[in-house]
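There are 6 protein chains.
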Amino acid sequence: MKTAIFPGSFDPITKGHESIVKRAAPLFDKIIVAIGDNSSKNRLFDLEKRIEWIKKTFKNEPNIEVMTYKGLTVDFCKEQKANYILRGLRSAIDFEYEQPIAQMNKNLNHNVESFFLITDPEYSAISSTIVKEIHKHGGNISPFIPEGINLDK
Amino acid sequence: MKTAIFPGSFDPITKGHESIVKRAAPLFDKIIVAIGDNSSKNRLFDLEKRIEWIKKTFKNEPNIEVMTYKGLTVDFCKEQKANYILRGLRSAIDFEYEQPIAQMNKNLNHNVESFFLITDPEYSAISSTIVKEIHKHGGNISPFIPEGINLDK
Amino acid sequence: MKTAIFPGSFDPITKGHESIVKRAAPLFDKIIVAIGDNSSKNRLFDLEKRIEWIKKTFKNEPNIEVMTYKGLTVDFCKEQKANYILRGLRSAIDFEYEQPIAQMNKNLNHNVESFFLITDPEYSAISSTIVKEIHKHGGNISPFIPEGINLDK
Amino acid sequence: MKTAIFPGSFDPITKGHESIVKRAAPLFDKIIVAIGDNSSKNRLFDLEKRIEWIKKTFKNEPNIEVMTYKGLTVDFCKEQKANYILRGLRSAIDFEYEQPIAQMNKNLNHNVESFFLITDPEYSAISSTIVKEIHKHGGNISPFIPEGINLDK
Amino acid sequence: MKTAIFPGSFDPITKGHESIVKRAAPLFDKIIVAIGDNSSKNRLFDLEKRIEWIKKTFKNEPNIEVMTYKGLTVDFCKEQKANYILRGLRSAIDFEYEQPIAQMNKNLNHNVESFFLITDPEYSAISSTIVKEIHKHGGNISPFIPEGINLDK
Amino acid sequence: MKTAIFPGSFDPITKGHESIVKRAAPLFDKIIVAIGDNSSKNRLFDLEKRIEWIKKTFKNEPNIEVMTYKGLTVDFCKEQKANYILRGLRSAIDFEYEQPIAQMNKNLNHNVESFFLITDPEYSAISSTIVKEIHKHGGNISPFIPEGINLDK
Chain A
241 MKTAIFPGSF DPITKGHESI VKRAAPLFDK IIVAIGDNSS KNRLFDLEKR
291 IEWIKKTFKN EPNIEVMTYK GLTVDFCKEQ KANYILRGLR SAIDFEYEQP
341 IAQMNKNLNH NVESFFLITD PEYSAISSTI VKEIHKHGGN ISPFIPEGIN
391 LDK
Chain B
241 MKTAIFPGSF DPITKGHESI VKRAAPLFDK IIVAIGDNSS KNRLFDLEKR
291 IEWIKKTFKN EPNIEVMTYK GLTVDFCKEQ KANYILRGLR SAIDFEYEQP
341 IAQMNKNLNH NVESFFLITD PEYSAISSTI VKEIHKHGGN ISPFIPEGIN
391 LDK
Chain C
241 MKTAIFPGSF DPITKGHESI VKRAAPLFDK IIVAIGDNSS KNRLFDLEKR
291 IEWIKKTFKN EPNIEVMTYK GLTVDFCKEQ KANYILRGLR SAIDFEYEQP
341 IAQMNKNLNH NVESFFLITD PEYSAISSTI VKEIHKHGGN ISPFIPEGIN
391 LDK
Chain D
241 MKTAIFPGSF DPITKGHESI VKRAAPLFDK IIVAIGDNSS KNRLFDLEKR
291 IEWIKKTFKN EPNIEVMTYK GLTVDFCKEQ KANYILRGLR SAIDFEYEQP
341 IAQMNKNLNH NVESFFLITD PEYSAISSTI VKEIHKHGGN ISPFIPEGIN
391 LDK
Chain E
241 MKTAIFPGSF DPITKGHESI VKRAAPLFDK IIVAIGDNSS KNRLFDLEKR
291 IEWIKKTFKN EPNIEVMTYK GLTVDFCKEQ KANYILRGLR SAIDFEYEQP
341 IAQMNKNLNH NVESFFLITD PEYSAISSTI VKEIHKHGGN ISPFIPEGIN
391 LDK
Chain F
241 MKTAIFPGSF DPITKGHESI VKRAAPLFDK IIVAIGDNSS KNRLFDLEKR
291 IEWIKKTFKN EPNIEVMTYK GLTVDFCKEQ KANYILRGLR SAIDFEYEQP
341 IAQMNKNLNH NVESFFLITD PEYSAISSTI VKEIHKHGGN ISPFIPEGIN
391 LDK
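Protein chains in written order, with the numbering used here: chain A, 241 to 393; chain B, 241 to 393; chain C, 241 to 393; chain D, 241 to 393; chain E, 241 to 393; chain F, 241 to 393.
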């Protein structure tokens, strides 16, 4: 059973996240969208909301699950018998951020490999941070988040 | 059957290539190391030599094959019923080179997804180009190419 | 009437900002130096001071104005009938930061185009952040801010 | 009269070039698409073909012209009384390539400013080089070049 | 006497820091590992601990000292009659961060030159930030910090 | 005796090269400006001219010499009992180019360390390649090459 973890804070989930997971889905038996529940960081949206939106996004995808975890991603991988971490790369700066994390994760747990997809161009400008900023200032964020998600309720 | 193409010129194969393929091997049913036989580009080593060295490198890996191809990588993918392209990323500049290629390949053939592994640190400085340069000037390239390969015969 | 918005926090204005606006001035009928008044972010200098310094910097430039705004930059553009956003690029990392913002702004308001100038070399190391850091530690910041500006009063 | 030069080899013109010029057109009185006729570089397509395709692309844009030039771009600017150079930026690596050129051009002719637009995401993977590569191998390049252009005749 | 300052927060010291200082040691008469004691920034580890760990790391290196300083690094250089600043570069993003700092330091004090070493590959993924994150979540950080250092006491 | 090699093709030497060597000169007992005489690469200027111009540039610097070498830079270092390689970094892309070379050189000869200076901003746009391009098209390159050098004789 080939299981991948797709870790993040998903504050909120974007069309970029949705696209990466759906593109990778055929390659794995299971993908766990894993919300890192790091209490020390401020999130805009409640954990419950974030879980709900991810579930809604993938409700028609039987092999995609949502979970939360605390602690190191590689420890959560071991717990879930997942040998793969899945991540998207939008730009060179994303690469620079991901490279040391992937190398440290490999160092901490040699059984876990990180695989990357390059974001499709139409989603490469989307980040949770920019979406939140637009939302906070009253802009229309519906083109940037999965269909059917309403951040206001 | 999940088949990945690992395309390149492998002039010559390096420990970096070897590492990427071996790390990815558990995720795929078959990986085809595919030498792009582009007659217009000058290669230092004969195609025959390059094939032989790759075969030797993976002789104990039953699900890794070597093939050559002409034309577009995505057309070779279709021919081989391969839905995945595998590539390594050593640095931000590699990312910048690979990003448009991956996006164009997706555009040309929507059934093909490119997956990337980030090179392990000990191999991140190795490239066929640098290996050739060192070899040409009489330096010892054995730390940079797979064990058992001798570029001089 | 071709109006450009030059948005920023200008905390404080630097010679880099001054240079970008003056270089772009001949191309536009009006440039509005627009201070984003985002109450949630901590600024070192009062809004009043920041406005005063910008006014002083461009006091001899009849087509350069200073304004403050809240909310999205693209909404302020619409309000001011400005079809252009002007930004400076000092480095690849600036580009990586500006690219998704420009693309999102275009997406939010198709009538607004962002134009970029590359910072002149002598100003490429200057940022408000570094200027503040030097000022806080008692260093001489006068080479980095417009002539006639005194941050201490 | 505000005239911009959009210099390049346009071997061939792509949808990326077309998009940059059309987005910039409202800001300038005239944009000259200027083919650098550097005899020492090998081009795939004849100069005549390249001119014809650009003319066809902008046939409905009265303020966009096509010209060829030899020598330095800044000298051609002076000859055409153009105070602006227009360029597109697709990625950080484009920025790194354009930065020294823009700074040197400014140094050689202080009256010329280079303005940059960031490529729209849907065109950011397109380059003449990749288009040529795909064309050479028999791939379908029509999604990447302006409508109505046929590279084979 | 050729003295270099190796400034940082060392929160905590890593094998990456250790390697840079030891590689540079033969070139200088003295290297001062200088902890910037900036009270406004939150550090995870006490200043005393950080000093102790650095001393332990270099206890066999007679020409390497540990000091703390407040204020600008270039002012501390002057105070210590040090004409050199030493820094490590792990990646392009490190370069982008260090470039304006080095240029500003040169501007503030023309007698100080910053010299850079590129981090050895095996340490290029290590940063104090990642080490702290792993430590906080109960991971084993001993492969990433100098031998003999125990962060828990 | 602390000797550094400053390797390059110097086709031609620029003010950027001159600046790096002069800034580094106080740290070393001797700096050898070393022209890699790689017969397979096309150079615009004769080796004799290039040597002459470098000699002229540093004629008042007693500890700076000019030499030519064939083969690997690290082998030339050994021959000259030089434990240091000196290089300048203008940009992130320079870093990306230099990083694997420095790491490979260290791997080939553990006694050689590469030290880097970041180019002063006023020289960061200058490269031999751009200088040649401007020269070829009849532009004035005197601001970019050392004083007293005349490329035409």
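Derived by calculation from the structure, the hints in this document are not laboratory data.
Be aware that a few hints might be false.
Where chains are identical, the list cannot tell them apart; a pair therefore holds if satisfied intra-copy or between any two copies.
To be verified - As a list, the in silico EDC-like pairs of lysine to aspartate or glutamate whose alpha-carbon atoms are at most 20 Å apart: (1) 318 to 334; (2) 321 to 392; (3) 318 to 301; (4) 255 to 353; (5) 318 to 258; (6) 321 to 362; (7) 295 to 258; (8) 242 to 269; (9) 376 to 353; (10) 376 to 315; (11) 372 to 269; (12) 242 to 277; (13) 372 to 286; (14) 255 to 362; (15) 393 to 353; (16) 376 to 319; (17) 310 to 373; (18) 242 to 387; (19) 296 to 251; (20) 372 to 353.
Under a CA distance limit of 20 Å, which applies to residue 318 and residue 334: within one copy, between copies, both, or neither? Cα proximity of residue 318 and residue 334: none, with 25 Å in one copy and 30 Å across.
Measure nothing new, just compare the shortest in-copy and cross-copy C-alpha distances for residue 255 and residue 353 to 20 Å and report within, between, both or neither. between (24 Å within a copy, 18 Å between copies)
Is it within, between, both, or neither for residue 242 and residue 387, if the alpha carbons may be no more than 20 Å apart? Classified as neither: same-chain Cα gap 28 Å, cross-chain 30 Å, threshold 20 Å.
Intra- versus inter-copy proximity for residue 269 and residue 372 (alpha-carbon distance at most 20 Å): neither (32 Å within a copy, 34 Å between copies)
Given identical chains, is residue 372 near residue 286, meaning Cα to Cα at most 20 Å, within a copy, between copies, both, or neither? within (13 Å within a copy, 26 Å between copies)
How do residue 376 and residue 353 come out at 20 Å by Cα distance, when the copy is not named: within, between, both, or neither? For residue 376 and residue 353, neither the intra-copy (37 Å) nor the inter-copy (23 Å) Cα distance is at most 20 Å.
Intra- versus inter-subunit Cα pairing at 20 Å for residue 242 with residue 277: neither (24 Å within a copy, 34 Å between copies)
If the cut is 20 Å between Cα atoms, do residue 310 and residue 373 qualify within a copy, between copies, both or neither? Result: close only across copies, 12 Å inter versus 26 Å intra.
Have a look at residue 321 and residue 362 and pick one of within, between, both or neither, based on CA distance no larger than 20 Å. neither (33 Å within a copy, 27 Å between copies)
Can you give me the call for residue 318 and residue 301, within, between, both or neither, at a CA distance of at most 20 Å? Intra 24 Å, inter 26 Å, cutoff 20 Å: neither.
Copy assignment of residue 296 with residue 251, given that the CA separation must stay at most 20 Å: For residue 296 and residue 251, the Cα distance is within 20 Å only inside one copy (15 Å; across copies 42 Å).
When Cα atoms must be at most 20 Å apart, do residue 318 and residue 258 count as within-copy, between-copy, both, or neither? neither (24 Å within a copy, 26 Å between copies)
Taken one by one, the earlier hints fail for this structure at numbers 1, 2, 3, 5, 6, 9, 11, 12, 15, 18 and 20, listed in ascending order.
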